[in-house]
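Visitor: The lines below spell out each chain.
Number of protein chains: 2
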Amino acid sequence: MTTEPTDLRYPERATIRDVAERAGVSIGTASKALNDNGRLKRETRDKVIAAAQELGFRPNAMAQSLHRSKSMTVGILSTDSFGRFSFPIVEALEERLAEHGIAVFMCNATDDPAREKQHLDQLLGKRIDGLVVTARRSDMRPAIAVPGKSMPVIYVFSQTDDPDALCLVPDDFGGAVLGVEHLIASGRKRIAHLTGPDTFEAVTLRNRGYRAALGKAGLPEIAGYVRYGKWSEASGRDAVDALFDGKSEVPDALFCGNDQIARGATDALRERGLRVPQDVAVVGFDNWDVMALAARPPLTSVDLNLRALGRAAGERLIAMIAGERFKGVERLPCSLVVRQSSDPTQT
Amino acid sequence: MTTEPTDLRYPERATIRDVAERAGVSIGTASKALNDNGRLKRETRDKVIAAAQELGFRPNAMAQSLHRSKSMTVGILSTDSFGRFSFPIVEALEERLAEHGIAVFMCNATDDPAREKQHLDQLLGKRIDGLVVTARRSDMRPAIAVPGKSMPVIYVFSQTDDPDALCLVPDDFGGAVLGVEHLIASGRKRIAHLTGPDTFEAVTLRNRGYRAALGKAGLPEIAGYVRYGKWSEASGRDAVDALFDGKSEVPDALFCGNDQIARGATDALRERGLRVPQDVAVVGFDNWDVMALAARPPLTSVDLNLRALGRAAGERLIAMIAGERFKGVERLPCSLVVRQSSDPTQT
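So the sequences go chain by chain: A and B.
Just so we're aligned, residue 8 is where the first sequence starts under my numbering, counting upward by one.
Just so we're aligned, residue 8 is where the second sequence starts under my numbering, counting upward by one.
One should not assume that every hint holds.
What the hints assert, rightly or not - Derived coverage of chain B by chain A (criterion: at least 3 residues anywhere in the stretch with Cβ under 8 Å from a Cβ of chain A; other residues may be distant):
hint, stretch
1, 25-38
2, 113-120
3, 125-139
These are calculated hints, taken from the structure and not from any lab test.
Please read these numbers as outputs of a predicted model, since none were measured by experiment.
Glycine residues also receive a C-beta, built at the ideal position from the N, C-alpha and C atoms.
Model the full assembly from the supplied sequences, consistent with the hints where possible.
Guide: What follows is the structure in structure tokens.
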């Protein structure tokens, strides 16, 4: 089952990178050939133009304005150190921008406002065309103060209270609905929700999605079945103890706020002699391969589609550099990866 | 117990960043004040000079040559996608370079030679002053072809067969000696080694370190006690089954090639009713917090000091940009982080 839609909302078009690859030349050479500047052999120029025609490549106005009087560089600023959530975003963003010949400066501010300001000064000194702000968590942060507001700024996996800012985040609510509806579709009726600290926006939204899915299916919310805790395996084990110790009626499914909680829960169920998924189905969140695949059995999990988020940010940034303007919070869809912890027919 | 020496071999000196921080100005402003160029208020300039004097900052020849006719940018090229090994390296490298006012372009070639070449062309087009090549694994890769060989290139957590290249990698041999000597010091005499595929250089070197430490202590190598497998928890569990099933004499310690193997081994021991560390001590490798801290009990592990590796690469690159030359493979020290899996007195 695939975890990554090839693109969420931006149709693929042939890029200069595709043309360069097909012609067997560098992006720079392809650009020179198509813009009829720079010194190139006639043969090379012809080869590039032929490749562009075969691929239906049209240097559009956006691309042309992009290449005029721009530094062709953007900055990506992680405000609280890069981690497993930001890596895939940054990687995909960099890939998409590289296809347009845009290079990425990477800066890491590690939760230090003074450092963040120095990085920003440095990036502005490099005359970057745009800035992407990302974080370990998709929660709210102060807006980045960019002089004159003329430079495009996008917040990815990160939000700010500036109403004019564009923020791209995963749809936590929709992801939770996916996970819980999957459990309901397999016949589960007593679904508990084991999640992280209630100070996280993601916890609130996933909890709402869980309740919305129960409500839509006409299933009751059972007292004590939402358990807040830490984002840890130990927290998942503790929640299982609390839900099962000395209880006559117990859950037939656990919808977990992340994969670590789900993994801890799965271990605790196994150690009680309960079978996953036959006795209790388990669904995690994040689809973090290290956790999801190492669990016994491997975890069904909601995928945040972080690479798609990074690519979408790249597309938006390119459009904004070319003059378009976007604002508001966009929540991009999650998807569900089904494995044995909820479906015994999976191998 | 600290996992990260503040610096492995390069003494700390006041940088322009320290001066800027103390004076409460940006690095750019501090640089202008110290180099007596750009338009600044007299008061600002005096404040920076006072801060520089208080910190004993001397703009040395290296820094001055650095700031003359340089782009003040370097590229970092990951040849097989960024991951948990390269991110701490890249973060620390970027931090160290930012202190010198150098910005980092990040490129990811994801195992694709054509893409790597395009990235390199793009970086050269940006007139970068230097290049750092990193990878998911510290194994050998082809040398990067830089025209003219005049631009400094450093391989970090990555090696090449070019004898003129500088490669910085962790000391896997020394790290293994640390781990095994720790087990021997706690009285263990039957130490097995559970490791990854023997095609990895790290596996060979860690195995040599294991045998060297046994030899030095006069302990015999026991037949069947070195077990190659995958880098996975399942592989650790399988190795425990092979070592313990129906055996009268069993290991009193397991030295594992990574933390996933160690975690799987720890789970398998617990499920056999054996106590870790009282019956069998376990040591992992990598000190990957996600694995090491979630294991029951938490794992003693050899730390690769990846951030120190990144900082060292930053220092070397700065020196090389200023005209110094280094070559050869340097193996930087690992350290040992002791937790409950080998020491019951740890909390």
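Visitor: Next, verify each hint and record whether it holds.
Guide: Taking the hints in turn, this is what the structure says about them:
1. 25-38: holds (count 5)
2. 113-120: With 4 residues in contact (Cβ-Cβ under 8 Å with chain A), the coverage given for the stretch 113-120 of chain B holds.
3. 125-139: holds (count 7)
Violation of the numbered hints given earlier is absent; every hint is satisfied by the structure.
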